[in-house]
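Engineer: Sequence:
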Amino acid sequence: MDRQAPEAWSLRGRVALVTGASGSLGAEVSRVFASRGASVAVHGRQEARLARLVEEISAAGGTARAFVGDVTDASHLAGTARAVEAELGSIDTLVTLAGGDGSPERSADLAPDRWREVIETDLTSTFLTIHAALPQLLKAGDSSIVTVASTAGRRASRANAAYAAAKAGVVMLTEHLAKEYAAAGVRVNCVAPSVVETDTLRSRMPADQLDALAAHVPLGRLGQSADVAQAIAYLSAGASSWITGTTLDITGGMTL
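The opening position of the sequence shown corresponds to residue 37 in our numbering, with each subsequent residue numbered one higher.
Please note: incorrect hints may appear among the correct ones.
[Unchecked claim] The calculated SDA-like cross-link candidates involving lysine to any residue, where the alpha carbons are at most 25 Å apart (straight line), are:
| # | residue 1 | residue 2 |
| --- | --- | --- |
| 1 | Lys215 | Arg190 |
| 2 | Lys175 | Leu209 |
| 3 | Lys175 | Glu216 |
| 4 | Lys215 | Gly256 |
| 5 | Lys215 | Met290 |
| 6 | Lys215 | Gly274 |
| 7 | Lys175 | Ala220 |
| 8 | Lys175 | Thr282 |
| 9 | Lys175 | Glu233 |
| 10 | Lys175 | Ala218 |
| 11 | Lys175 | Met208 |
| 12 | Lys175 | Asp285 |
| 13 | Lys175 | Ala204 |
| 14 | Lys215 | Gly177 |
| 15 | Lys215 | Ile155 |
| 16 | Lys215 | Gly73 |
| 17 | Lys175 | Ala275 |
| 18 | Lys215 | Phe163 |
| 19 | Lys175 | Gly73 |
| 20 | Lys175 | Glu121 |
| 21 | Lys175 | Thr160 |
| 22 | Lys175 | Ser126 |
| 23 | Lys175 | Ala248 |
| 24 | Lys215 | Leu174 |
| 25 | Lys215 | Arg142 |
| 26 | Lys175 | Gly221 |
| 27 | Lys215 | Ala204 |
| 28 | Lys215 | Asp285 |
| 29 | Lys215 | Pro148 |
For the record, the hints were derived by calculation from the structure and aren't laboratory data.
Let the hints inform the model, and build the full structure from the sequences given.
Structural biologist: Dropping the structure here:
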């Protein structure tokens, strides 16, 4: 465990809730948080993956608990927040990673039901998660929220319109909450990754296509989960204590 990190980068004593933790990116965020001393509540839909993640973090000397459920269910999220407080302590750090479904589709072919589903999964879920944790975050008085958008929410892309609109909404939700709760000591920031080589991406694209995709990145490679996780950890730690309302583009230069 990385207990020797400079204090400004440490998360020692923090209680973090990370949604989307059964995915490779959320899992890496959870590992980094635990390595820096946080007690981590890992939340997702895949119980077996969460159990393995908790075992891994525990074996490395960290503290983690698993919570399984749906981030579009407000009552479930409220219950989860209470359970995290009972098991680990009051939440003072929140990362809303759950979401997805940005696969390309022409807007003329985008069914209204899919539009609603994507908005619910990527935008409404972010609000509901924050809403459930906010009483504890406000009680802490020195707390951090990091939301997760995408380059699709920053500029037009091949992603479907619902996903783009949802992620743009996450950016503005972040700015709104940052201004609303700054005086209460709650910092709210956002990360907007481009193409990250997750397990899901590798399962959908053969190696030659991934290589071709990487060739278009100015820094010459695809993003890795660690690239995003380290940025999220920075925005959650004391090192970024005067940063709020910011969206950090993590793109390898693709937004230049």
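Engineer: For each hint given before, does the structure comply? Return the numbers of the non-compliant ones in rising order.
Structural biologist: Hints 4, 5, 9, 12, 13, 16, 23, 25 and 29 are the ones this structure does not satisfy, whereas the remaining hints hold.
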